[in-house]
Structure formats: C-alpha cells, structure tokens
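Participant: From first to last, the protein sequence lines stand for chains A and F.
At the far end of the first sequence sits residue 324, using the numbering used here, and the numbering has no gaps.
At the far end of the second sequence sits residue 244, using the numbering used here, and the numbering has no gaps.
It should be emphasised that the hints constitute simulated quantities derived from the structure, not laboratory data.
Glycine is no exception: its CB is placed at the ideal position from the N, C-alpha and C atoms.
You may find that some hints are simply not true.
Said to hold, decoys possible - Cut-off 27 angstroms, straight-line C-alpha distance, at most; resulting in silico cross-link-like pairs (DSSO-like, lysine-lysine): (1) F/Lys123 <-> A/Lys135; (2) F/Lys155 <-> A/Lys142; (3) A/Lys110 <-> F/Lys155; (4) F/Lys2 <-> A/Lys116; (5) A/Lys135 <-> F/Lys78; (6) A/Lys61 <-> A/Lys30; (7) F/Lys240 <-> A/Lys142.
As the list claims (entries may be wrong) - Pairwise CB distance ranges (calculated): (8) A/Asn222 <-> F/Arg80: 30 to 40 angstroms; (9) A/Arg201 <-> F/Ile224: 55 to 65 angstroms; (10) A/Glu78 <-> F/Cys227: 25 to 35 angstroms; (11) F/Glu51 <-> A/Asn115: 53 to 63 angstroms; (12) F/Leu184 <-> A/Glu78: 45 to 55 angstroms; (13) F/Met92 <-> A/Asp229: 46 to 56 angstroms; (14) A/Asn154 <-> F/Met92: 48 to 58 angstroms; (15) F/Arg80 <-> A/Lys211: 21 to 31 angstroms; (16) F/Arg80 <-> A/Asn115: 25 to 35 angstroms.
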Amino acid sequence: MKEKIIEARNLTKKYDDFTAVNDISFQVEKGEIFGLLGPNGAGKTTTINMLTGMAKISAGKIYYDGIDLTKNMKKAQEIIGVVADESNLYDEMSGYDNLCFCGSLYGLSKTERENKAKDLLNIFRLNEAGNAKFKAYSKGMKRKLTIAAALIHNPQILFLDEPTPGIDVASARQIRDLIKTLNEKNTTVFLTTHYIEEAERLCDRVAFLNKGKIIMIDTVNNLINAAKDENLIEVVLKEKISEKVQFALKLNEEFPYVNCSFKNDDTLNIISSKQIDISPIVNHLSSQNKFIIEARLHRPSLEDAFVKWTGIEIDLMKKEKEKK
Amino acid sequence: MKQSIAFWNILLKDMKNYYLKPPNISWGIVFPFAWMLMMFIRTRTVFNIEEVFSGIVAMSILFGTTSMLSVTITFERKSRSFERLLLAPIRMELLITAKITGAILFGIFNSIIPVLFSVLYFKAAVADWTMLVTGIILLSIISTLLGLFISVSAKEVFEAQTYSNFFRFPMIFLCGLFIPISALPVLIQPLSYLLPVTYGVDILKYSITGDNALSIVLDLAFVITFCFVLFYSSLFFIKKKWII
Ligand SMILES: Nc1ncnc2c1ncn2[C@@H]1O[C@H](COP(=O)(O)OP(=O)(O)OP(=O)(O)O)[C@@H](O)[C@H]1O
Ligand SMILES: [Mg+2]
Chain A
1 MKEKIIEARN LTKKYDDFTA VNDISFQVEK GEIFGLLGPN GAGKTTTINM LTGMAKISAG
61 KIYYDGIDLT KNMKKAQEII GVVADESNLY DEMSGYDNLC FCGSLYGLSK TERENKAKDL
121 LNIFRLNEAG NAKFKAYSKG MKRKLTIAAA LIHNPQILFL DEPTPGIDVA SARQIRDLIK
181 TLNEKNTTVF LTTHYIEEAE RLCDRVAFLN KGKIIMIDTV NNLINAAKDE NLIEVVLKEK
241 ISEKVQFALK LNEEFPYVNC SFKNDDTLNI ISSKQIDISP IVNHLSSQNK FIIEARLHRP
301 SLEDAFVKWT GIEIDLMKKE KEKK
Chain F
1 MKQSIAFWNI LLKDMKNYYL KPPNISWGIV FPFAWMLMMF IRTRTVFNIE EVFSGIVAMS
61 ILFGTTSMLS VTITFERKSR SFERLLLAPI RMELLITAKI TGAILFGIFN SIIPVLFSVL
121 YFKAAVADWT MLVTGIILLS IISTLLGLFI SVSAKEVFEA QTYSNFFRFP MIFLCGLFIP
181 ISALPVLIQP LSYLLPVTYG VDILKYSITG DNALSIVLDL AFVITFCFVL FYSSLFFIKK
241 KWII
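Here chain A stands alone, though its shape is the one from the complex (with noise of 0.2 angstroms):
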C-alpha cells in the first residue's frame, strides 16, 4: 500500500434538507492523479470544496498525511493548490501580476515569486501574453493561467475542477499533458471530470460518484476489468473465409473452451468467460495456411464500466453539460 496523502472518511455535506454528499469515503496516494467522475449535480465540486476548506463539513473526517485538519483546513491550504471549476484570476491584472498576487498569498519572498511567474508562464508557454491583462486572454489562456496561479508555490497536491472546462481540443491536450509532466514531478494530482475519456487518459484511480454516493472506486485497469462480462479477441485474417460456418464449427470442435464465429468474411471473433490463450488458436490457424494479419483483444473502456455501474447514459450526460 502506497502512503496516503488525503483520507476522507464519511464526508457528508448537507445544505439544509439537500443532502450534496452523502457519506463518502476514499484515499488519495501519494503522487497519483485521482479523479472523481460523475454528471451534473453529482457532488464533485462540493467535494473538492469541502477539501480544501470552501465548504464547511457536515459530518466526517478529512485527513492530511494522517493528520485530522477537519478543524484546520488553514493547514492544509499551505499545501494544496486548487483550481476552480471558473477562472477566479483578477480581470484587471496581467498574467505575470496575477501570479506574483497569488505566491505573495503564500509568504513567497518578492524573488522568490518572481522567479517562479516567469517559470510558470515559461511552462504554460503564456510568455508573450505576460504582460496583458487577464480579461483580454482567450478561453484556454484563462484556463492556463488560473492552473498555473494554483502552482505557485509548489503545492504537494493540486486540486483540478473541471481540467478543461469548454476548452478546444488542442488546449485540452495540452492542458492534460502539463497534469501529465506536472505529476510525473510527484506532484498529486486530484481533479473532478464529466469527460470519461479524460478520465481514462489521465487518472490512475478513478471514483464514480451520483447523487452524492461514491459507486465504485478503483484504478482504471480494474475498473474497466470488472465492468466486462467476457473476453474477446478478434482475430484478422489476410483471406477471406468462404465457408464460414463450417469454418467456426470445426475451430469449436478443435478449441470447446472458447465459442468462436464470424464478425465478417474476414474477422473471427474469439469469446470465452476466462481469459483466452489464443497461441494453440493461431498455431491450429496457420497449419491451415492462414495469414493472420492482426489478432486483438476487445478492450471494454472506461466508458462501459460507468455506464454500467452508474446506469447513467452517457450521451444524456454530454447533453446536459452542453446546455449549461
């Protein structure tokens, strides 16, 4: 078991009769980028507020490096950088003030912050937009800029509402690849996402979270493993197979633990409930002077595991978040 770095034990937010989160409990290790996945009006962002000090607890503990800051989140914050699910960066400053304002709200000496600014917008690759004012940047600049505000002064553990709130493809790539490099730097990472696929891409663990309940929690592979109910591979052939059911029968008679038959003239579906040695499957085929020219395994993604343990469909998911 790696070192926990957060701990949240039965976490409850209540506002009034709502009940926002309800009892929730998880660990984030040292140097992971954790996600907590989930529609609209699931209870990340007030997660995220309740761990970082923005929301008060209604019940439960919450745990830094093992040490109860329930009571203290002022402790905690010397530690955590967060990133809003909206740019919260003042509109009259430039960049570069913006995040000297931010390290001087950390202690950072006048050289220390200055030298870290001008790192960061190195690295967010913001230099030439240093000096204008924050209301002038585009979408993805804000963006930028508000994560790089949230680094000033080298958190152990970022907090990520929303990596890429509404954001074009290429900014949200490069957006993903800077949390990437950012925690290959051991830096932990926490962020909330409606994005399966980003997701997918970037945490090592994931929680799904509906209606205030965390359903499963657990590392992508796993997760995805679990949700499938069989395996398969397709295998590629270089020919196609004109007498197809005969074909399959006979590979059925030859492999009985396996139920193999044809996707289309050229593709052989292998399934079984176990996992599947295809070595004797293809040896038995090339005896037979078959060119294979691809055998895969059928992976589930990450979006078959949610659909399956939230029961949420997913398009209706996109669709609410395109609305607001």
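We have chain A already, so just place chain F with the ligands on it with the hints.
Facilitator: Only chain F with the ligands this time, still in chain A's reference frame:
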C-alpha cells in the same frame, strides 16, 4: 513573516487596483469641495468655517470609504477572485484587516483636502490637533467597518451601493452634524446614539471648537467599542455566510 507578506500585498493590490485609480483620487478631492459648496449654499452667506468643518470632514470620510469597501468586496466576491483569498493559508482576521486597511487609508486621504483647505484657506482654528487626527482615523475605521458589514449582506454590486446609501443618508441627519441631536424629535434621539458616526463626529467637533455634546472619553470609548463589535460581528457573518 509569511502572513505579513500576504497582508502587505493584499493591501498593495487593493491600493493599486482600486483606491489609487484616477477616478477615486479625483473623487477624494472633488467630493469635499462639493460638500463645502453645499454648506455655503445652506448658510447663504460666508459660512463660519469652525461650524461646518467637522461636517465636511466627516462626510468626506463617510462617503469615501463605506461604499468603496463594500463595492470592491462585493465585486471580488461576484467575480470569484475573493475565493483566492479564502483559499490562501491566511487567518481570516488578518485577511479582513488587510482588506479594510486600504479603505481606511483612503478615508484618511479623503479628509486631507478638507482639512488643508479649511485650515490654510479659511483659516479655521484647530483646538486639539491630536484629537482631530484621532477623530479622523477613528471615523475612517468606523465608516470602513460599516462598509464591511454591508458587504456581508450584499450579493450584487448595486446592492452594496444601495445599502451604503441606505445607511449613510439617514446618518447625516441623525449624527448631529447639521441638526444638533437635542433638536431632533425625542423619539428619534435614541437612534442617533446608536450610530457610531455620532460619536466620531463629536470627537471632531471637540477637536475643532471644544464645543461638543458628550464627554470626549465617552466618545472615544463608544467609537472603539463599536469598531470591535462591527469587526467581530462582520467576521462572524463572513465565516458563516461565505464558507457555506
Ligand atoms: N450553495 C448551495 N446550496 C444548495 N445546494 C447546493 C449548493 N451548492 C451545490 N448545491 C447542490 O448540491 C448538489 C451538488 O452540487 P455540485 O456543484 O457539487 O455538483 P457537481 O458534481 O460539481 O456538478 P457539475 O458537474 O455541474 O459541476 C447539486 O444538486 C447542487 O444543486
Ligand atoms: Mg462542479
């Protein structure tokens, strides 16, 4: 040390972004002139400077600070940049003190022009300079804290503005500036004594003419008590309402 860096930079940023902007500086200069003009029209003759001096100073401070602070804080809350401050590892007491210090200094700045003008041009005689300075500082603090209190309830910038006026205009008539409190209807008089500005104005009157309504010790005690009450009750509501 770290906290003092944060404090200083919050103050500096507010100064640069709000208080030292040309429109605000010119406000601090033009506004007191407007008050003087009003006094002049009111008396219709060359007015007795000692009589109106404290009024001009008090109004300049009150109108310079209250809405200024409540508007800037509400604006920052609305644009969410205020979150940055709440997210920083700075004690709330210090954070709020940093935010109000800018407005307090601005209030003091607002009083400089009327004081200089009255003393240098109208040759007003100041009986007690120490008390004048003390009064100006205390009035700046109390007007700023009123602005802080307002910003706790305002959600929109226009609300902050409206609430400020809602507080300020009745205050002008109730604090004994233009109408002595004793000349007010008996039923309204207690209201006057509930207003912290009343005591601040009395300190100013004392410092200029020595002709004030209450005991100076009482004035000072009341204003300082009001400051603490306003500061801590604002803090209480901020913790309660802004971190939900
Ligand atoms: N201040 C509040 N008062 C009352 N209810 C609130 C408040 N903030 C959030 N909620 C409710 O709590 C629930 C969770 O909200 P939250 O913002 O955490 O969702 P989310 O997962 O971040 O959603 P999104 O994807 O839209 O950002 C929602 O039903 C929301 O309406
Ligand atoms: Mg959210």
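Participant: If a hint holds in the structure, say so; if it does not, say that too.
Facilitator: Status of each hint after checking the structure:
1. Only pairs whose Cα atoms come within 27 angstroms are accepted, and F/Lys123 paired with A/Lys135 is rejected, the gap being roughly 49 angstroms.
2. Proposed proximity of F/Lys155 and A/Lys142 is supported: the alpha carbons are some 25 angstroms apart, at most 27 angstroms.
3. For the hint linking A/Lys110 to F/Lys155, the alpha-carbon distance of about 34 angstroms lies beyond 27 angstroms, and the restraint is violated.
4. Pair hint F/Lys2 plus A/Lys116 holds up; C-alpha atoms about 17 angstroms apart against a cutoff of 27 angstroms.
5. This hinted pair checks out: A/Lys135 and F/Lys78 have alpha carbons roughly 15 angstroms apart, not beyond 27 angstroms.
6. With a C-alpha separation of about 19 angstroms, the suggested pairing of A/Lys61 with A/Lys30 holds against the 27 angstroms cut-off.
7. In summary, the hint linking F/Lys240 to A/Lys142 is not supported, as the alpha carbons are separated by about 30 angstroms, beyond the 27 angstroms threshold.
8. The given range of 30 to 40 angstroms is respected by A/Asn222 and F/Arg80, whose C-beta atoms sit roughly 37 angstroms from each other.
9. For A/Arg201 and F/Ile224, the Cβ-Cβ distance of about 60 angstroms falls inside the hinted range of 55 to 65 angstroms, so the restraint holds.
10. Range check, A/Glu78 to F/Cys227: about 31 angstroms between beta-carbon atoms, so the 25 to 35 angstroms window is met.
11. Between F/Glu51 and A/Asn115 the CB atoms are about 58 angstroms apart, so this pair conforms to the stated range of 53 to 63 angstroms.
12. Taking the beta carbon of each, F/Leu184 and A/Glu78 are about 53 angstroms apart, inside 45 to 55 angstroms as hinted.
13. About 53 angstroms separates the C-beta atoms of F/Met92 and A/Asp229, a value consistent with the hinted range of 46 to 56 angstroms.
14. The supplied range of 48 to 58 angstroms is broken by A/Asn154 and F/Met92, whose beta-carbon atoms lie about 24 angstroms from each other.
15. For F/Arg80 paired with A/Lys211, a C-beta distance near 26 angstroms keeps the hint of 21 to 31 angstroms intact.
16. Between F/Arg80 and A/Asn115 the Cβ separation comes to about 27 angstroms, which falls inside the hinted range of 25 to 35 angstroms.
In this structure, the earlier hints numbered 1, 3, 7, 14 are contradicted, and the remaining ones agree with it.
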